[in-house]
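Student: Take these sequences, add in the hints, and give me the full structure.
Mature numbering (1 follows the signal peptide of the UniProt record, and there is no 0) puts the sequence shown at residues -21 to -1, 1 to 368.
Simulated from the structure, these hints should not be mistaken for lab results. Mixed in with the good hints there might be a few duds.
Said to hold, decoys possible - Below, a list of computed lysine to aspartate or glutamate pairs in the EDC-like style, where the Cα atoms sit at most 16 Å apart:
(1) K87 x E224
(2) K189 x D159
(3) K140 x E204
(4) K87 x E73
(5) K189 x D119
(6) K182 x D339
(7) K189 x D123
(8) K57 x D285
(9) K18 x E224
(10) K189 x D131
(11) K140 x E112
(12) K62 x D285
(13) K57 x E8
(14) K62 x D50
(15) K18 x D169
(16) K62 x D115
(17) K117 x D48
(18) K87 x E8
(19) K18 x D164
(20) K98 x E5
(21) K98 x E73
(22) K98 x D33
(23) K98 x D39
(24) K18 x D149
(25) K98 x E8
(26) K18 x E82
(27) K18 x E226
(28) K189 x D149
(29) K57 x D119
(30) K189 x E134
(31) K62 x E134
(32) K62 x D48
(33) K290 x E82
(34) K290 x D339
(35) K290 x D181
(36) K166 x D285
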Amino acid sequence: MAKRFFLVAFIQFICVIYAHSQQLTENTEISLITCGSGKDLYSTFGHSAVHISDRTTGLDRVYNYGTFDFDTPNFYVKFARGKLNYMLNVTSFERFIRTYQIEGRWVKRQLLNLTDSEKEELYAFLENNALPENRDYKYDFFYDNCSTRIRDVLENLLGDKLHYPENPTDSIQTFRNLIDLYLTDLKWSDFGIDLALGAPTDKVASWREKMFLPDYLMSHIGQAEVINNGQREPLVSQTNLVLAENEALTKTNSSGILWIFWLLFAFSVVTSFFINPKFLRWFDIVFFMTIGILGIFIGLLWFATDHTATKWNFNMLWALPTWIWGAILLIRKKPNSRFFKVHAIIMFAILIFWIAIPQDFHAAVVPVILALAARSWSWQIRKFHIHKN
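Tutor: The following block contains the structure:
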């Protein structure tokens, strides 16, 4: 394994040295590459990369900040805890675009209006950044990803020459609003993400911050201007569609989930009027245990990870880990009326003070809270005779 690692590193080093020895010419083109959404969650937000090419020298390099090493020790643990390093990978345009051809995703190229010296500087920076000792970085979905890295590189390169629109017309949107736009066909993923993300996600994203999404980077860079020889010029001189979308491969149909949770609430209310202790007890054991485990998971995302977006998650107000104790009480056939009364009151209080909670909950949370309140209150007001089996 060690020999393989050093061999790969050596080959990459040689490739970087060779590429860096290539000189740029007047025909060198530097482009922002934007890739459209795919049908799977990992690809639904699109992708960005930088392409440097020269038809006279054969230079063809795509710089991709969105890769990681699956062979990293404890890969899934590091990924879940926000400690997984992403890296800058370099490949050819043909190899880069192959995945998007297979997945039917659109790809657009924006030719950047850069001077020869700026092209040289950007090329040198990316080549140096691609070296094994420089390529890794700490990924953050909102603030440091494949899209924001390119934005930052261009801003550092152009400095005061770069000008964004003085009065942008974008609507006011939070980070959560922005990602919801991409999850309309992925209902369960949308629900899960809303459960995992905390109050920081409900911060209003500035015009610049919206560029964490590749579509917005493409749009905003397309509106930017640079000053050359005292004159303002568009930063993007030309936009081309490289690959058209194949909707048969990218579109997915996902039925709504709200009705499922409202059925859960209706079921929890209706069953409260029927004396079937054994069934109700086991239904509530599973229900309370599930919510309690969810609360522990949310707590771990808050306190045991480096993800900034999962902090201050007020879903823990209703997904209390203490629901596990409620399930244990029912397993032991010793329901404590005070425990369930307190938890029912907490659920009702959340609904009453809903508007004061500084977080945007998913709509499906409402019937879940109502179901928790109904099942808790039923254990408080009824003296069930629990049959011993």
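Student: Could you run down the list of hints and mark each one as holding or not?
Tutor: Results of checking the hints against the structure:
Using a Cα cut-off of 16 Å, the hinted pair K87 and E224 holds, with the two alpha carbons roughly 10 Å apart. As the CA atoms of K189 and D159 are separated by approximately 13 Å, the hinted pair is consistent with the 16 Å bound. Pair hint K140 plus E204 holds up; C-alpha atoms about 8 Å apart against a cutoff of 16 Å. At most 16 Å may separate the alpha-carbon atoms for a hinted pair to count; K87 and E73 meet this at roughly 14 Å.
Proposed proximity of K189 and D119 is supported: the alpha carbons are some 14 Å apart, at most 16 Å. The straight-line distance between the Cα atoms of K182 and D339 is roughly 10 Å, inside the 16 Å bound, and the hint therefore holds. About 12 Å separates the Cα atoms of K189 and D123, which keeps this hinted pair within 16 Å; it holds. With a C-alpha separation of about 10 Å, the suggested pair K57 and D285 falls inside the 16 Å cut-off, and the hint holds.
The suggested pairing of K18 with E224 holds, with an alpha-carbon distance near 12 Å, which does not exceed 16 Å. Taking the CA atoms of K189 and D131, the gap is near 13 Å; set against the 16 Å cutoff, the hint holds. A hinted pair counts as satisfied when its Cα atoms are at most 16 Å apart, and K140 with E112 does not qualify at roughly 30 Å. Between K62 and D285, the direct Cα distance comes to roughly 7 Å. Compliance with the 16 Å bound is thereby established for this hinted pair.
Proposed proximity of K57 and E8 is contradicted: the alpha carbons are some 37 Å apart, above 16 Å. For the hint pairing K62 with D50, the CA-to-CA distance comes to about 14 Å; that is within 16 Å, so the pair holds. About 13 Å separates the Cα atoms of K18 and D169, which keeps this hinted pair within 16 Å; it holds. Taking the CA atoms of K62 and D115, the gap is about 12 Å. The hint holds against a cut of 16 Å.
Between K117 and D48 the alpha-carbon distance is near 13 Å, which keeps this suggested pair within the 16 Å criterion. For a cut-off of 16 Å, the pair hint linking K87 to E8 stands: about 15 Å separates their Cα positions. A C-alpha spacing of about 8 Å is found between K18 and D164, which places the hinted pair at or below 16 Å, so the restraint holds. Taking the CA atoms of K98 and E5, the gap is near 10 Å; set against the 16 Å cutoff, the hint holds.
Distance check on the hinted pair: K98 and E73 sit about 22 Å apart at the alpha-carbon level, beyond 16 Å; violated. Restraint check for K98 and D33: satisfied, since their Cα atoms lie roughly 12 Å apart, inside the 16 Å limit. At most 16 Å may separate the alpha-carbon atoms for a hinted pair to count; K98 and D39 meet this at roughly 14 Å. For the hint pairing K18 with D149, the CA-to-CA distance comes to about 26 Å; that exceeds 16 Å, so the pair is violated.
Under the criterion of a C-alpha separation no larger than 16 Å, the hint pairing K98 with E8 is consistent with the structure, at around 8 Å. This hinted pair checks out: K18 and E82 have alpha carbons roughly 8 Å apart, not beyond 16 Å. Only pairs whose Cα atoms come within 16 Å are accepted, and K18 paired with E226 is accepted, the gap being roughly 10 Å. Taking the CA atoms of K189 and D149, the gap is about 10 Å. The hint holds against a cut of 16 Å.
With a CA separation close to 13 Å, the supplied pair K57 and D119 stays within the 16 Å bound. Annotation: proposed proximity of K189 to E134 holds, straight-line Cα distance about 15 Å (limit 16 Å). Restraint check for K62 and E134: not satisfied, since their Cα atoms lie roughly 27 Å apart, outside the 16 Å limit. Of the supplied pair hints, the one linking K62 and D48 holds, its CA atoms being roughly 13 Å apart against a limit of 16 Å.
Pair hint K290 plus E82 does not hold up; C-alpha atoms about 34 Å apart against a cutoff of 16 Å. Distance check on the hinted pair: K290 and D339 sit about 14 Å apart at the alpha-carbon level, within 16 Å; holds. Restraint check for K290 and D181: the C-alpha separation of about 12 Å stays at or below 16 Å, so the hint holds. A C-alpha spacing of about 26 Å is found between K166 and D285, which places the hinted pair above 16 Å, so the restraint is violated.
Checked against the numbered hints above, the structure violates hints 11, 13, 21, 24, 31, 33, 36; every other hint is satisfied.
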